[in-house]
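Hey, can you work out the whole structure from these sequences and the hints?
Here the protein sequences come in this chain order: A and B. For the first sequence, my numbering puts the final residue at 1431, and the numbers step up evenly by one. For the second sequence, my numbering puts the final residue at 308, and the numbers step up evenly by one.
Treat the hints with caution; some may be incorrect.
[Said to hold, decoys possible] Partial list, computed: chain A residues near chain B (C-beta under 10 Å): (1) Leu1264; (2) Ser1276; (3) Glu1282; (4) Gly1286; (5) Glu1290; (6) Gly1301; (7) Ala1302; (8) Leu1303; (9) Gly1305; (10) Ile1350; (11) Glu1352; (12) Asp1359.
In case anyone wonders, no lab produced these hints; they're calculated from the structure. Don't be surprised by glycine CBs; every beta carbon is placed ideally from N, CA and C.
Letter by letter, the chains look like this.
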Amino acid sequence: MPNTSAEMPEWLPVATLTQSDLTFGEHTFLDASVIGNAPRHVLYSYYWNIEGGGLGDKTGTPGDQTRFGFIPPCPGRFLLTVEAHGSDGVVRNASAWVTVRSSSEATLKRPDVSQSDAEDVISVDDVSMIFNVASEQFGSLKEYFIALMRHELKFKEFRALNHISFNVKRGEAFGLVGTNGSGKSTMLKIIAGVLEASEGNCSVHGSIAPLIELGAGFDMELTAKENIYLNGALLGYRKEFIDEHFNDIVEFAELQNFMDMPLKNYSSGMVARIAFAIATITEPDILIVDETLSVGDYLFQQKCEKRIQELVASGNVTVLLVSHSIDLVERICNRVCWIEKGQMRMLGTTDEVCAAYKSIGA
Amino acid sequence: MQSATTKAGVSAKDAWYPASKRDIFILKELVSKDFKLKYRRSALGVVWSVLNPLLMMLVMAAVFGSFMRYNDPTLGNYAVYLILGNTAFQLMNDATSQGMGSIIGASSLLKKVKINRYVFPVEKALFAGVNYLFSLIAIAIVMLVEQVPLGVTALLLPFGILMLLFFSIGLSLLLSALSVFFRDVMHLWSVVLTAWTYATPLFYPFAILPGWMQALERFNPMYVYVTYVRDVVLYQTVPSVGMHVACVAFAAVSLLLGMVVFKKNQHKFILFI
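Spelled out as structure tokens, the structure:
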């Protein structure tokens, strides 16, 4: 080694974790020390960041303390940092990553793939969806009658879905992936029962809870409280049930102090929190999770994921996740169906399908 | 949340109404939403529901009573004549013009959640009905001030209003379905409503109409309903059996037509909204 002492700092702080791999609920300690030609006094302060998120927590003014406890607020990757303030006026820092897995319970992983004894909750049997493109172009009576007179009412067929078949069993977490315009949403609408398939058959057993997005079941002028009741009603919940679980919803959405504020003062992330809290306060047979979730902040997304995994682990709830972001699908789902331009490209375990899907994008 | 769901009386698995009861709660919530929105951040709030028909009546009484000299003594009390006609017509007007766009307005919801689609136009009609209940206060005030006695025949008013409400629900269903396919309907309907306002003796006496129009009025449902309401409240007479039949018939035809058109086309709504 060449002599690099000129560039090398005289001293360096070191951060050592007592445990770097944690499951949610445990906590760890961070020991700070100094190597090299340390100044007489070193004071330490400590802070942590969450990966992809902002600053989490920090100690105040630097002190003599060298051991800092870290209690993970949620699963995820955290960067713990100590800042060493030397008496020579130099401030240096050292960091360590800690990974917190989602839960201490082993059950909260992706559910197992084959549960052959479980019943089918969603069976999609050779479903095709055909739109008559021309019929959608008539926005006015005049145009319609002119075309009718001229016998120009020709329909161009557009197949949004072409012979799709799959079954989802109770307790599965099933992912639907595909690029934009691939037919994911059309498939979802057919499963949700709002769109009738042109051909084939789609049967669903049990209650469905979709996440209602901003501007749909929410009214911006109403307060959060009023919106919770409105949304609950639209999802078919009993009034007594909402009364009883109102506090749980508020607590889960972490909006205790904002309940009597009109929704228009909320950010879209806050609305997504309410939507998620309402949809998952029940144990629906099928929970439909789509892109709406992605507007929440990092911490809340983690919380939602945990709740989804809890629901899946209960064995009664089937989760249908629709996304073009592959990360979420990989974390949660056990099986995935990949739809591309209306065709079913692949159906199989998450690892297989996601690997293939990613190779396309690469 | 997990622990809370187990301790509670209504368990998380039993959170839903059976399909038949769902719509009632939805209708209730939607009406209460519309009601709150209508008066949110207005100083007088719900008082406007009473004040509005009163002020409208005053304006019309000023214009047509003194200026146009429609103040025909055979009409009975002109102020009461006006407000009874206006409020009844307003019920149909509100129900249809609000109900018409209700399916289009609920599009983002209908694309996601399986809800019986009829609740939206029906809710708008019911909301118009709720507003009518408030305008009853205005009617009572006018009758008190004008010292028009209230007879026992007024007990028939709920029947007339109920039939008018059914008539409006039918129209609202029909228009909401049509406007999904042809947005022109929405523009056209406001013109129709204006024409209908003038074709119905709301502020003028029936007698000033030319003979052929008088003959046609019996096919004007709004004329029938408005006359029914005035008969039972203002003139204290029991309408003829023929009037009752007409009230029911118009309501039934409208409701039937609305339901058939709505039912036949509702599965196609999603393709157009």
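For which of the previously enumerated hints does the structure constitute a violation, in increasing order of number?
none
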